[in-house]
Structure formats: structure tokens, C-alpha cells
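Peer 1: Letter by letter, the chains look like this.
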Amino acid sequence: MRSFRRGAPNLARRAASAFAGLLADMLSNEKTASRRGVLQRIDARAKVIIMLALIVIATLVRSVAALAALYAACVVLAALSKLPIGRLARVWLAVPLFSAAIVLPATLSIVTPGSPVFVVHRTNPALVVTDSGLIVAGRFVLRAAVCVSLALLLTATTRSDRLFRALRLLGVPRVFVMLLSMMERYLWVLARAAQEIHLAKVSRSIAPGRLRDEQAWVAAGMGSLFRRTRALGHEVYLAMISRGYTGELSPPYQGGAGGGSP
Amino acid sequence: MHIPDGYLSPQTYAPAYGVMIPLWWRASAVLRKTLRNRQVPILALGAAFSFVIMMFNVPIPGGSTGHAVGAVLVAILLGPWAAVIAVTLALVVQALVFGDGGITAIGANCLNMAVLMPFAGWGVYRLIARGAPADSRRHWIGAAVGGYVGINVAALGAAVMFGIQPLIAHDPAGRALYCPFGLKAAIPAMCGTHLLLFGFVEAVVTGLVVAYLQKVEPSLLPARKLSPPYQGGAGEGSGRRIAVIVAAMIVLSPIGLYLPARFGAGSAWGEWSADQLAKLAGYVPAGLRHWAWNAPMPDYSLPGRESAPLGTQSVLYVLAGLAGVALVVTLAYVMRRLIWRTPVETDSSMDASADDT
Amino acid sequence: MSALYSIENVTFAYPGHEPCLCDICFDIHPGERLALIGANGSGKSTLLHLLDGLYFPDSGSIRVMGEKLTEDLVETPPFGPRFRKEVGFVFQNSDAQLFCATVAEELAFAPLQLGWPRDEIGRRIADTLDMLEIAHLRDRTPQALSSGEKKRVALASVLVVGPSVLLLDEPTAGLDPRSQSILLEILLSLHEAGMTIIAATHELALLDHIADRAIVLGEDHRVAADGPVYDMLHDTDLLLSVNLIHAHSHSHGALVHSHPHDHSLAHEHRHS
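Chains as they are written, first to last, in the working numbering: chain A, 26 to 287; chain B, 12 to 368; chain C, 113 to 384.
Check each hint, because a few of them may be wrong.
As a list, the in silico EDC-like pairs of lysine to aspartate or glutamate whose alpha-carbon atoms are at most 16 angstroms apart [claimed, not checked]:
{"id": "1", "chain 1": "C", "residue 1": "Lys180", "chain 2": "C", "residue 2": "Asp170"}
{"id": "2", "chain 1": "B", "residue 1": "Lys44", "chain 2": "A", "residue 2": "Glu273"}
{"id": "3", "chain 1": "A", "residue 1": "Lys107", "chain 2": "A", "residue 2": "Asp156"}
{"id": "4", "chain 1": "C", "residue 1": "Lys180", "chain 2": "C", "residue 2": "Asp251"}
{"id": "5", "chain 1": "A", "residue 1": "Lys56", "chain 2": "C", "residue 2": "Asp251"}
{"id": "6", "chain 1": "B", "residue 1": "Lys226", "chain 2": "B", "residue 2": "Asp146"}
DEER-style ranges, computed between Cβ atoms [stated by the list, open to error]:
{"id": "7", "chain 1": "C", "residue 1": "Arg194", "chain 2": "A", "residue 2": "Val100", "range": "40 to 50 angstroms"}
{"id": "8", "chain 1": "A", "residue 1": "Ala114", "chain 2": "B", "residue 2": "Trp36", "range": "34 to 44 angstroms"}
{"id": "9", "chain 1": "B", "residue 1": "Gly185", "chain 2": "A", "residue 2": "Ala94", "range": "20 to 30 angstroms"}
{"id": "10", "chain 1": "C", "residue 1": "Ala256", "chain 2": "A", "residue 2": "Arg199", "range": "48 to 58 angstroms"}
{"id": "11", "chain 1": "B", "residue 1": "Met12", "chain 2": "A", "residue 2": "Arg87", "range": "25 to 35 angstroms"}
{"id": "12", "chain 1": "A", "residue 1": "Asp238", "chain 2": "C", "residue 2": "Ser301", "range": "51 to 61 angstroms"}
{"id": "13", "chain 1": "C", "residue 1": "Ser293", "chain 2": "B", "residue 2": "Arg148", "range": "34 to 44 angstroms"}
{"id": "14", "chain 1": "B", "residue 1": "Lys226", "chain 2": "C", "residue 2": "Ser259", "range": "46 to 56 angstroms"}
{"id": "15", "chain 1": "A", "residue 1": "Arg237", "chain 2": "C", "residue 2": "Met243", "range": "32 to 42 angstroms"}
{"id": "16", "chain 1": "B", "residue 1": "Val30", "chain 2": "C", "residue 2": "Trp228", "range": "38 to 48 angstroms"}
{"id": "17", "chain 1": "B", "residue 1": "Val30", "chain 2": "A", "residue 2": "Asp156", "range": "52 to 62 angstroms"}
{"id": "18", "chain 1": "B", "residue 1": "Ala184", "chain 2": "A", "residue 2": "Asp238", "range": "52 to 62 angstroms"}
Computed, partial: chain A to chain B, Cβ under 10 angstroms [claimed, not checked]:
{"id": "19", "residue": "Ala37"}
{"id": "20", "residue": "Ala40"}
{"id": "21", "residue": "Asn54"}
{"id": "22", "residue": "Leu118"}
{"id": "23", "residue": "Val120"}
{"id": "24", "residue": "Phe123"}
{"id": "25", "residue": "Ala131"}
{"id": "26", "residue": "Leu167"}
{"id": "27", "residue": "Met203"}
{"id": "28", "residue": "Ser228"}
{"id": "29", "residue": "Gln240"}
{"id": "30", "residue": "Val243"}
{"id": "31", "residue": "Ser249"}
{"id": "32", "residue": "Gly258"}
Source of the hints: derived by calculation from the structure; they are not laboratory data.
Nothing here was measured: the structure is a model prediction, and the numbers come from that model.
Here a beta-carbon is modelled for each residue, glycine too, at the ideal position from N, C-alpha and C.
Sequences and hints are given; from them, build the entire structure.
Peer 2: Have a look at this one:
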């Protein structure tokens, strides 16, 4: 949770830029996925299987050393795939740090008993960090870090429509893949609409209002976004009908340059 | 509330997928029948909407902002089965497009946020707003209460998932392999924060949006033909009786905590055996039962147990009990849909909307 | 020449709303360029939806290609697919019209739904992209294009199956001047190749570029006039009465005069 001091325009402006950030992330994914790096060259279907297998393996591994090695491998792969540090750091650092913060109390003897490593506070009984505590915490943080790095390596080096299509290999039904694909595209449209809603607020606000009014305004924003969503959903349906859609989805068309996976 | 990878053991996340797969299948079947050709555009956009509203900053007292999950809102506006699919898609896109991780945990997260939350919240909304005219207060009140209950049920689900990790996954030396905090820490931490703070954010958002739509475009709110909640079963009267009995049980459960403390049974608080407790109160909270069986293992002493006053713990138990009942009611409802295949109510909100020229 | 479309006493209202079309009657002949004009809310967009078999009249009938257009008819072969191929609709909102992952897929949607063979589809896509000069956009994501490019992709996705009737809802809305003129040129060449074009618009400046005949819908949701575009444009009383132009006052020193004013047409100042 972030705090704001100057009130309504600041809040709306930050929210508007959050949506702008969403759109920027989607664009940057397209960009990084088209760079000529090591991971980008691997076919989407193989990548999905391999990366998911690696993530599952990471959740099974017990040795801290093995997890650390996996993490190092991820860093190397990220560099070889020409992924920008800044974009990754947000996820790559944020998740491990957050996990570390959560698991900190587990290093103490009251959670994980073991031989004391150093004393935090001389009370009776003393608050000490135990060796077992460090292992448990270290394993936890490393595992979270490895898993999120692998996931990010997969998503940042693969175009989303190819990624979704590769899910068919895992038995995901065609309808879901089509839904994912369409949903992602309309995320773009709705995020822009949400951004507009907030920017309109920025241009109208001078001083922060009462909490209740501000909350009502956010709710109105969501409500109007829903109305737009319903209307747009209905329009898309009409557009599909107009081009011959009868309810049965034919397999997506791939032909010519840039075809790729089924 | 989104559980990342690495927090849950395979023994937890794999069965979660196992539970979700028939639910996803059932949701698609229901929606294909009710929405027919419109299924694809309505669901795709509903999912995009679910994703985007999770990003809205909601101002809360104290000058900060929070976020709402919105699953109950989507369930009220599009129906609970549509919410299952929409929230699932939002979670999948969050993991697979934005690299926010939580891929192995998708099943578990869906169980909490795409099933428990929408069904529990929608069930409460229906209980309160059933049959009310479109401009009645019961709609937004039901929505707000539904939002509150829904997110707390989801929080309880997540808390249980976290809390059982040290019990079910540890290395030969007894050290936890995944989340190291047990139920005694996870439940108060998750449920406490959601009961006291996040629940209200969710309630405010859900209630206010429904109130806004009631004013601006009431036709968007579902005006369903409602069927009785328990087909062929008890009528309203016996339903109320059962509710009273269950409520009494929940309220009385802390007595099992007070009596032994009063009579000095057991050396430290919490180190009772399960049968001792059963003798005293006739009711053993599930978390305590798990915990008690593994008492010999040194792992399972939890932080804060000595310091938390008995009163606070009791309050939390009562509240956890309430959430537990909501959980059970939800599961019963879901099972009823799956197993007994009760006919799906027609949802007139899905019909062609009256768009302007 | 027999009529392509016969619209007889059509009345329509969205569920729960006031009627937005009342007792509409007119015919459309093959090869015509028709404009439906009227102020916002007059029902012209809805009329296009009715002509495309997306909604159906509450009373009255629409006959097209010799058959009365009903929901059943438009959903069953052989008329259904034939109708979808012959009539194309370009929506006002390109975001609703473009729902596929790439431009190529967008163009492939309609032929795939109609069951065309894949090699034929490939050829038609290439030809259509070339005709509209958007071949360089083939693998792009439609949602990320500029409004002019989106409009051309939307048009391409409709033209790819070779319709003989083209319905357009506010085709130049939101387009920059250059995209507008490109679009108008495309429409002109399509018409010269024999296509029937029916466009709804409230922009009077476009009228003589895109149509020979105009049907004016009034705010009472009825046909206010039906005739050559030239006559409509110069009937200022008519245009005033249907709220397509406004009258305004301005002063020259001590003199104040008012006149009907549409910014796109040449108008006379008559000083009284």
C-alpha cells in the first residue's frame, strides 16, 4: 500500500500512470520477445514445456546449493537473451525481497529450533537466529526467486499469442486459448479506458475530497468501465456474427511469414 | 492474496489443480449453454474487466490505498460461473503475460479467488437481495456484505493452504520445506488482516459499484428467475433453525479454550491433547487437531502463542468458525451444482443489451 | 432494376427503450451510393444494424436478395453464409471490429467461418492487403495500430470475402484528414467496380464524396426526406429542422444578423 499526501489529483495521476505502466509492460514484452537472444530462438512449445518443468523441479529441490545454482543460471540466461535489467528487477528483486521479509521471523528459534547462530535480543528466553532457521528461510527465498525468474524468462522471451497456443500441448482446451488471446487484446482497450477515466479526474480535481466521495468516485469509475465492457463485448459479438461467426470457432489461421506454432 | 510459486508444496498445488479441473470444465459447460454464441466475447471482456479492476487504487482511511479482488462483483454482474472463468483467465494472464509468477500456484489461487470467493460472496448477495426490486437497498447492501464474506472465505482458504505446509512437507531434520508458518500463525495473520481491513475495502468497492449501476443502468443487474436455495429440501423455517444451531456451536466453541486454562490443565497454553479438548468442549477446532497430533515434533511451536491474550484468540476462533461455515455452505452449493446438476437459472442480464445508436 | 433491399414500414426499438426507428420505407438498388444522414440518435446506425441482419424489425419487413430477412433465415444455410459473404459491415468502433491476434488472422476470420479452402484464403488476404496498401501491417497486432490503419484493416477484413454491398457506420469518425481522403478514394474505386455502398454519417461535408442519394432521418425517427444529395445539401430549412445544421447570430458593428450555418458549406451572408 502506498500513501499519498497531496490528495485526489495525485492519486488519480498515479493510478493513470499505473495503467500506462500496464500498457508499457505489454509493449515491452513484445519488444523483448522479438530480440535476437538465446531464449527467443527456442520454439514456444518447447520453451513452455521446459520452463514449466524447471519450475516444478525448483519446487521439488531441497538443497539450498542447487537452488542457488539455478538462480545463477537464470541470471545468465537473462543476459544471453538480452533482457533489460530494469524491467526484470521489478519482479526479480521485488519477489525475493518480499519473501525474505515474510520469512524473517522463521529464522528465529521460536519458529525453527536448532543450534543458535547469533543472538538478536537477550531476553529470557533469548531471541536467537538458528542455523535451521537460516536454512529454512534461505531455501524459501531462493525457491521463490528461482520460480519467478524462470516464469519471467518464459514470458519475456515469448510472444503471448504463441505462448497461449503452446498451452494446447498441456491439454488446455482450444476455447480457453482463444479466450486468453482475446482477453489479452481487450486488456489493452480496457486499460486505456481506465487510464482515460483517471486522467479525466486529474484534470477536474483541485483538492482531495472526503474519503467517502473519493471511494464513490473509484466505484463510479469501475461501474462506467463495466458498462463500456458490456457494450464492447456485445459489439464484438455483433462484429463476429457479421463476418459469419455461428458459434463454432475454427482453428486459428497461420500462413506465410511469421506463422510458427499451431 | 496471490500465492507465488515456492510457497506451496507439490502435495498442495497439484491436488488444487485436480480440484479445479472439473470446476473449470463445469463452468464452461454451464456458460456454453446459457451464453451460447456470445460466450467468447462476453467472457474475454469479463476477464479483461476482472484484471483491470484489480488494479484500481481504492482510498482507505489513513491516507493509503488498497486494492480489491473484485471476484464477488464479477459474480454479481455476470454470474458466479462466469466469474470462475473470468478470474481464472485474469490470474493466468497475470502469471503468463506479466511474469508475476505463481504458475504452479494457479490452481490454488483459482480455488481461493475464482471459486470460493465468488460463490461465497454471490451466495450471500442472493440471500440478502433475493427478489428485491432493482432500486432496493438490498442489492448494494447484499453486494457489500457478499464482498466482505467472499474475500474472507478466500483468505481463510489461503491461510489453510499456507498453514498446513510445515505439517505436510518437511525434510528429515524436521525443517519446513515451503511456507514455514503453521496454521496458528497463518490463520490469524491472513484472516485477521482480511477481517479487519481488506474485507472492508472489498465490501466498499463491491457495494459502491453495485449502487452506482443501480442508479445509472439498473438493467445491468441480474434480474433472475430465482429458484429456492435447497431444492426439495428444508424450507425457510428449518433453514433458520439450522443456522441458529450452528451459530450457537460457533459461539460456544471457545469455552473449550477457557475451561482448561481456568483449571490449569496443561503446562503451556495450547499444549492440550485433542482428546482432552474433546472431553471438555465436545468440539475440537480443526487446526488445533492437526497441531495437537504433531505436538512431539519440535517444529510446530508458533510465534506469538505465549503473548496473545486468550480473549483475542477466542474472538479469532469465533470469526474463523464463521468463515468456516461460509466455506462449508459454499462447498455444499458448489457440490450441489456439480453432483446434483440442478438446472441453471436463466440470466436475463446476459441478453442483448440495449445499446444506443 | 429490381431492388436489392426493400424496407417496408420498419419500426424498431431496443428492449426497454423508446422506438428509434418509426415506419421507415425505402428501396435500395444495386450499385447505388446511399447516405443515411441524421443527427446523433436519429437511428441511422441502428438501421444499418437491421440491414446487416444483426437486429430484426419489431414490425414491418426488410427484404434482401429476394427474401424477407429474419433471424432464422440468417442463421441457416444456404442463405445465411451467402448473406454474410455478400453484405459487409464496417463498424464505427474499430476496437469492436478487430478482435484477432494479427492483421492476417483478422482478415482470415471471415473466410474461415465461411469454410473457404486455405490456399484460397492466403491468396485473398494478400490481394486485399495490397489493394488497401497495408501489406506491411500483416503481422502486427491490430489493437496497437493508429486509427487510420485500424480503419483500413477493418475494411480489409470485410472486403476479403468479396461482398457486393458495403455498410459503413460513420466511416471517417476519428480519422485524420489524410486517412479520411485515402478512405474516400478507396470507397470511390469500390463503387466504380460495382459495389453498393450505404454509409451512415452526420458529417455533411462528406456527402457528395461518398453518395449520390441521401435519406434524411429526423429526430422523430422517421424518414424526413429521400432524394439526390445535391438537393438535400441545399435545402437548409430541411437540414435545420432535423438538427443537422444550426443557426447562429453574429454582429458586424451595430448590425446583428443570423443565418443557418454549416461550417463545411459555402454560405451567403445576407445583411438585413
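Peer 1: All the hints need checking, so say for each whether the structure fits it.
Peer 2: Going down the list of hints, with the structure as the test:
1. Of the pairs offered as hints, the one joining C/Lys180 and C/Asp170 holds, with about 14 angstroms between alpha carbons and a cut-off of 16 angstroms not exceeded.
2. Of the supplied pair hints, the one linking B/Lys44 and A/Glu273 holds, its CA atoms being roughly 13 angstroms apart against a limit of 16 angstroms.
3. Annotation: proposed proximity of A/Lys107 to A/Asp156 is violated, straight-line Cα distance about 38 angstroms (limit 16 angstroms).
4. Distance restraint check for C/Lys180 and C/Asp251: the Cα-Cα separation of roughly 40 angstroms exceeds the 16 angstroms cut-off, and the hinted pair is therefore not satisfied.
5. Restraint check for A/Lys56 and C/Asp251: the C-alpha separation of about 14 angstroms stays at or below 16 angstroms, so the hint holds.
6. A distance of roughly 8 angstroms separates the Cα atoms of B/Lys226 and B/Asp146; the hinted pair therefore holds under the 16 angstroms criterion.
7. Between C/Arg194 and A/Val100 the Cβ separation comes to about 60 angstroms, which falls outside the hinted range of 40 to 50 angstroms.
8. With their beta carbons about 39 angstroms apart, A/Ala114 and B/Trp36 fall inside the hinted range of 34 to 44 angstroms.
9. The beta-carbon spacing between B/Gly185 and A/Ala94, approximately 25 angstroms, falls within the hinted interval of 20 to 30 angstroms.
10. Take C/Ala256 and A/Arg199: their Cβ atoms lie about 25 angstroms apart, and the range 48 to 58 angstroms is violated.
11. Checked against the hint of 25 to 35 angstroms, the pair B/Met12 and A/Arg87 passes, with Cβ atoms roughly 27 angstroms apart.
12. A beta carbon spacing of about 55 angstroms between A/Asp238 and C/Ser301 agrees with the range 51 to 61 angstroms that was offered as a hint.
13. Between C/Ser293 and B/Arg148 the Cβ separation comes to about 56 angstroms, which falls outside the hinted range of 34 to 44 angstroms.
14. Hint check: B/Lys226 to C/Ser259, Cβ distance near 33 angstroms, so the stated range 46 to 56 angstroms is violated.
15. Separation of A/Arg237 from C/Met243 is about 57 angstroms and departs from the stated range, judged on CB atoms against 32 to 42 angstroms.
16. Range check, B/Val30 to C/Trp228: Cβ separation about 43 angstroms, and the 38 to 48 angstroms hint holds.
17. Checked against the hint of 52 to 62 angstroms, the pair B/Val30 and A/Asp156 fails, with Cβ atoms roughly 37 angstroms apart.
18. The hinted window of 52 to 62 angstroms between B/Ala184 and A/Asp238 holds, with their beta carbons roughly 57 angstroms apart.
19. Using the Cβ-Cβ criterion of 10 angstroms, the hint placing A/Ala37 at the interface with chain B is satisfied: the shortest such distance is roughly 9 angstroms.
20. At about 5 angstroms, the closest approach between the beta carbon of A/Ala40 and any beta carbon in chain B falls short of 10 angstroms, and the interface hint on this residue holds.
21. Taking 10 angstroms as the C-beta cut-off, the interface hint given for A/Asn54 holds, the closest approach to chain B being about 7 angstroms.
22. The interface hint given for A/Leu118 is violated, since its Cβ lies 13 angstroms from the closest Cβ of chain B, which is over the 10 angstroms cut-off.
23. This hint holds: A/Val120 has a C-beta 6 angstroms from the nearest C-beta of chain B, less than the 10 angstroms allowed.
24. With a cut of 10 angstroms, the hint placing A/Phe123 at the interface with chain B holds, because the nearest CB-to-CB distance is about 8 angstroms.
25. Hint status for A/Ala131: holds, given a least beta-carbon distance of 4 angstroms to chain B, under 10 angstroms.
26. Hint status for A/Leu167: holds, given a least beta-carbon distance of 8 angstroms to chain B, under 10 angstroms.
27. Interface restraint check for A/Met203: the shortest CB-CB distance to chain B comes to about 6 angstroms, inside 10 angstroms, so the restraint holds.
28. At its closest, the beta carbon of A/Ser228 sits 18 angstroms from a beta carbon of chain B; the interface hint therefore is violated under the 10 angstroms criterion.
29. Nearest Cβ of chain B to the Cβ of A/Gln240: about 6 angstroms, under the 10 angstroms cut. The hint holds.
30. For A/Val243, the interface hint holds, since its Cβ comes within 10 angstroms of a Cβ in chain B; the closest pair sits about 6 angstroms apart.
31. The beta carbon of A/Ser249 comes within 8 angstroms of a beta carbon in chain B, closer than 10 angstroms, and the hint placing it at the interface holds.
32. Because the smallest distance between the Cβ of A/Gly258 and any Cβ of chain B comes to about 4 angstroms, under 10 angstroms, the interface hint for this residue holds.
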